[in-house]
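Just so you know, the protein sequences line up as chains G and X, in that order. For the first sequence, the numbering used here assigns the number 1265 to the initial residue and increments by one for each residue that follows. For the second sequence, the numbering used here assigns the number 95 to the initial residue and increments by one for each residue that follows.
Think of the hints as simulated: they come from the structure by calculation, not from any bench. Please note that a few of the clues may not be correct.
[Claimed, not checked] Straight line, CA to CA, 25 Å or less: simulated DSS-like cross-link-like pairs of lysine-lysine: (1) X:Lys576 to G:Lys1510; (2) G:Lys1510 to X:Lys571; (3) X:Lys266 to G:Lys1496; (4) X:Lys318 to G:Lys1452; (5) G:Lys1578 to G:Lys1431; (6) G:Lys1500 to X:Lys571; (7) X:Lys305 to G:Lys1358; (8) X:Lys266 to X:Lys248; (9) X:Lys571 to G:Lys1491; (10) X:Lys430 to G:Lys1491.
These are the residues of each chain, in order.
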Amino acid sequence: MMEEVKEVVPSTLGVSSHSIKVTEVVRDGDALTFIIVSQKLSGTGEYLVDRTYEDFEWLQQHLFSQDDVPGIQGIIFPPLPAKAQLNASAKATKQLGVLATGQDWQPYCMALETYLHQVASHSTLNKNKGLEIFLTSSEPPGRQKVRKGIFNRLSQAVEGMWKEGHKDVDEFFQTERDHNLTLTGCTKAVAERFLDVVLTEQKIAVACGHFSTALHLCVEAGEDPDKQTFSKICVKISEVFDSMRKNVFSVSENNVRTLGLGLDLESRCQEAEKEMLFRRTCKLVELETACRNAERVKSVKKAAMEELKTMAEKEFDQTSGVAKQEITRFHDKRVEMLQQALIQWCETQLLSARESADRYNEHLQALRAMA
Amino acid sequence: MADTARDPPPEHTDFQELEDGDDLFPEPTTTQEQSEPASLPAEDVSTNSNGPKQDSLFDDDPEDLFAEATEEVSLDSPERDVLLSDGPSPAITPITPPTSVLTPRMGLPHADLFTHSSFDEIEEEEGGDSFDMLISVSDPEKVGDGMNAYMAYKVTTKTSMSLFKSHEFSVKRRFSDFLGLHSKLASKYLHIGYIVPPAPEKSIVGMTKVKVGKEDQSNEFVEKRRAALERYLMRTVKHPILLKDPDVLQFLESSELPRAVSTQALSGAGLLRMVNKAADAVNKMTIKMNESDAWFEEKQQQFENLDLQLRKLHSSVESLVCHRRELSVNTALFAKSAAMLGNSEDHTALSRALSQLAEVEDKMDQLHQDQANADFYLFSELLGDYVRLITAVKGVFDHRMKTWQKWQDSQLLLQKKREAEAKLQYTNKPDKLQQAKDEIKELEGKVQLGERDFEQISKTIRKELSRFEKERVTDFKTVIIKYLESLVQTQQQLIKYWEAFLPEAKAIS
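With the hints as constraints, model all of the structure from the sequences given.
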């Protein structure tokens, strides 16, 4: 998995962030339960909890709804993957993308684990009590209802889409918004194309398997030497195609676990940045509206409007301040993350290629030696 | 199989049943002595003959020879009798120069070339001249325009065998020439038990692309056909009997070849239909052949099974090829999108790495295509060839059945005639009695011949199947070794690409 740069952050979190692991997923009817293990900072042991997707959602909402944190709207929230379902519809599976491939939800668990790492290593977010409860409490927190945060993109989407294109007052942010727009589109496209590659590789692996099995049917009984030799050759060919199946399968797995997850994470993070920038833009619109109102209004209401304007200004400034920090951090993190993904991708594929080359060579020598 | 074009029904079928009025046996004036085959007139023409017509076989009129070029040698033709004669084995006549292949064939000494016993000798005598031939089909060239256009292929033979006039020579041939060659070989050898390799299939879709389409649209089709023609020729010449056939030699050596006519009827697909029709006809005759030879029963079952397995394998490989090509397409799309991402990225090192990624993926796309081609040209076509070859094997089994049937029919008829003769003994009709006696004498000869035919074809089939099973081992082994070599090469290329990319990824920060 991805190496976390160990941030030394003052936090009230009693566990070491990089020790958090989603170790297992258990099927319970139609639902999935995830086992999460984390090591106590005190070194006295570990916490082991079971959580469902609803618990993760609870945590995310908790993080969203920290009104007491100044400029909270400027934070790029770690993106939570979409819900994983058994017997999911085609649409739901498509939404999950590469996270739905692979066996036993392994990629999905890794994505959840990354989410928790991101939260636990964020200097503001990891102070949230919700995180501690999530990681340590024996009682699953998600069963309690939490007030839906105001950052629900869905609620904003309906009323405010037009704001997305609103011109910014700050060049830094305008540039960032434009750039983010391009990157979000490109990254999504790359992730989707990569998924197509992975899915086709899986089909090839299956086809190799079928061919390998079918060859066994060609084995003929009998003592005739030519028949025996032919049968031996068929068995050998079957072995070769089985090796091919294993090779293609491992290539596909490598793809998913490294670059696949990386592109998926990058894509979702870009979306998260987009949402943050949108929130800030909304704040900008609020501020500009408040300013206009303050100017227009007659003296009786003027004081109230001025106060609103001041508040809006403060919020906007705080948000922008936090946002700037977040953006810088975001840029560094993403380059680091993508580099790691690319290196691991290359290294695992190199290893698989070397192993396969050796395996094929063995087969080749054996066949050549065959009388 | 890949080609699904279907030809119109063949004009002639060689497995029509004996029609009414046709005699199984020739007219009274003839005898079965091989020294006077010229006196045998045309007999039942329910089967058509390819090559010399019965009554013109011993004329000096060469023109008749090609009058019915699509006909097949009838089972009762005098030429066939000659084929099975047990006469003294002549010295193997040297292969006559291709241009004069017709006239010398008319004389008996050259007809002996087709005696079976001499076939055995051919194999033995030529043992010293071991098989050493390489045929390549290359340089496809479009000749002509529009709907009359066709592809001409260069057929090059490299050999050290004394059978040929020189060590290396080339000729230009078109597809119908190959079909023509096959039709001649099939008509001469199939019915006596030789497994004649089937010619590649016709393809209306493919050829239309060649005729009217742009070159890049038909390239794949032309390459597929070129490879198939090459395999066809190699398989044919590897057969020790077929190799020595004058038609084969003429095909390989002669710069001019008479246009094969009516190849529609006898293309691979056409032949398949004919064989299937024959099989149906045979089945409809409800032959309950007393298979005294368990070997044949077992073999037929074995080939039925093999046919099923190979078809399954073939469709399995086709699906693999399909997915592999799909992977190539998807890889190319991924490469493009990665390049676009690289361009949009403003972190310089990351941008460069992404561009390198796009390049690596482009190279991998090419590897996938190469692999798909290996999948196809090695395995898919091998399996397809064998499925088609087994059709010929089944045809040969059916011919044996037919031969047996003919023998049985002769026996039955003989019995009837004997009963009739017995009755005639008590009447006072010396003429009729004599006629009956003559008929019986002839029928006895026919029965003998029938039995010999049956034994001969059985013997030939045994040898052919043994050869098939040896060839099968060689073919499959060769293919899997070539395939593995391609796999190893692909992996080594991949390793190089990854090794080159790794430092780029590490250099990002």
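Verification of the supplied hints:
1. X:Lys576 to G:Lys1510: Within the cut-off at roughly 20 Å; holds.
2. G:Lys1510 to X:Lys571: 22 Å, holds
3. X:Lys266 to G:Lys1496: 41 Å, violated
4. X:Lys318 to G:Lys1452: 39 Å, violated
5. G:Lys1578 to G:Lys1431: 20 Å, holds
6. G:Lys1500 to X:Lys571: 10 Å, holds
7. X:Lys305 to G:Lys1358: 44 Å, violated
8. X:Lys266 to X:Lys248: 5 Å, holds
9. X:Lys571 to G:Lys1491: OK: Lys571 (chain X) and Lys1491 (chain G) at ~13 Å, within 25 Å.
10. X:Lys430 to G:Lys1491: Status violated; Cα separation ~50 Å.
Consistency with the previously given hints fails for numbers 3, 4, 7, 10, ordered from lowest to highest.
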